[in-house]
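Trainee: Sequence:
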Amino acid sequence: MVQYNEWMKDVNDDAKLSSLSVPGTHNSAACHVALPSVQCQGASVTDQLNHGVRFLDIRCAKLFLASGDDANDLQVIHGKFPVKIPFPLKLAKVLDEVYAFLQSHGSETVIVSLKQEGQDTWDNDSDEFPKVIWENYVRPHQDQWYLGSGIPRLGDTRGKAVLFRRFGVKDEQLSQNLGIDAHWWTYNTTDDDRGEIRVQDFCELNDTNDVQKKSDYVKQLTSQAIQYNATNPADPKLFLNFCSGSNFFNPECWPEKIAQCMSDANIQDCFGKGCGIVVLDYSEKDDYKLVKELVDKNF
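Just so we're aligned: the sequence shown equals residues 1 to 299 in the working numbering.
Any given hint could be a false lead.
Computed Cβ-Cβ distance ranges for the label pairs, DEER-style [unchecked claim]:
#1 N250 <-> D69: 13 to 21 angstroms
#2 T190 <-> G168: 45 to 53 angstroms
#3 D14 <-> A92: 16 to 24 angstroms
#4 D264 <-> D96: 14 to 22 angstroms
#5 A92 <-> L174: 18 to 26 angstroms
#6 T186 <-> D143: 34 to 42 angstroms
#7 Q212 <-> D123: 40 to 48 angstroms
#8 N12 <-> S67: 30 to 38 angstroms
#9 D287 <-> D156: 38 to 46 angstroms
In case anyone wonders, no lab produced these hints; they're calculated from the structure.
Note that the coordinates shown come from a computational prediction; the quantities given were computed from them, not determined experimentally.
For each residue, glycine too, the CB sits at the ideal point set by N, CA and C.
Can you build the whole structure from these sequences, using the hints too?
Mentor: Put into structure tokens, the structure is as follows:
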């Protein structure tokens, strides 16, 4: 029987992360009291990790109503809105949950996607955001991160967080030591293939008629990932497949409703060995059913 809190211990060290079936969560830390259109999960990051989730999607912004260095004590947001009210959720607190989990489960790795969101004014020419991430969050815990730019073997990342950065870096030296570069895919893409990474992130849903399209795109990329990984073991490609989508102005397209629609569409019927990272909203639904289905496909 699979132990979901340590499922990676039964995977060979030589396996590339891209060859696995990996459950992920969208806006992973958006599990607190917030606007109903902002919340995306119903369980904490720690609970998600203990149930098998191994990809976390975290969006950051400067601390509201702060200035100078205080503003760079980053908070977690979803779009323009904080994921926790009335008090902000600090990025450091979420990362501490990741470090604590990995310290207790040294066989595992967690892919941590960090992205800048909100209306902050950052000086991109001087790499302000990347430098804040490096100086304030990564460098002080450098031994707890895997910071290589290529798709790693599991054996090289056990006990570490893998930085998956959804922000650009202009400084070449800094970029070489700041994880996997994933800042480039086209917004609202149905399929964007740039070599080592292929992404489906169709997220702008006008109405419920778009939900069927969304589930079809999820199934298509899942099937393509399985086929690719079965026939191209020497040429790794990381498939990233978002099951999330929303429309702020339409409650029928808020995250919890979309999560239910994905379940009703039986997207799990397309799961298989090597289907890449599948990113879920409300991952805890039905006792983490979709998460467990994905983990089980590795064996």
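Trainee: Using the beta carbons of A92 and L174, state whether their distance is inside 18 to 26 angstroms or not.
Mentor: holds, 21 angstroms
Trainee: So the hint says 34 to 42 angstroms: do the beta-carbon atoms of T186 and D143 match that?
Mentor: holds, 35 angstroms
Trainee: Tell me if the beta carbons of D14 and A92 are separated by a distance inside 16 to 24 angstroms.
Mentor: For A92 against D14, whose Cβ atoms are near 34 angstroms apart, the range 16 to 24 angstroms is violated.
Trainee: Looking only at beta-carbon atoms, does the pair T190, G168 fall within the given range of 45 to 53 angstroms?
Mentor: violated, 23 angstroms
Trainee: Measuring from beta carbon to beta carbon, are N250 and D69 in 13 to 21 angstroms?
Mentor: violated, 39 angstroms
Trainee: Between the beta carbons of D287 and D156, is the distance compatible with 38 to 46 angstroms?
Mentor: Given a distance of about 32 angstroms, which is not inside 38 to 46 angstroms, the answer is violated.
Trainee: Regarding Q212 and D123, is the given constraint of 40 to 48 angstroms on their beta-carbon distance met?
Mentor: For Q212 and D123 the Cβ distance comes to about 42 angstroms; the hint holds.
Trainee: If I claimed the Cβ atoms of D264 and D96 lie 14 to 22 angstroms apart, would that claim hold in this structure?
Mentor: Violated - the Cβ-Cβ distance for D264 and D96, about 36 angstroms, lies outside 14 to 22 angstroms.
Trainee: Is the distance from the Cβ of N12 to the Cβ of S67 consistent with 30 to 38 angstroms?
Mentor: violated, 50 angstroms
Figure legend: structure checked against the earlier numbered hints; hints not met, in rising order: 1, 2, 3, 4, 8, 9.
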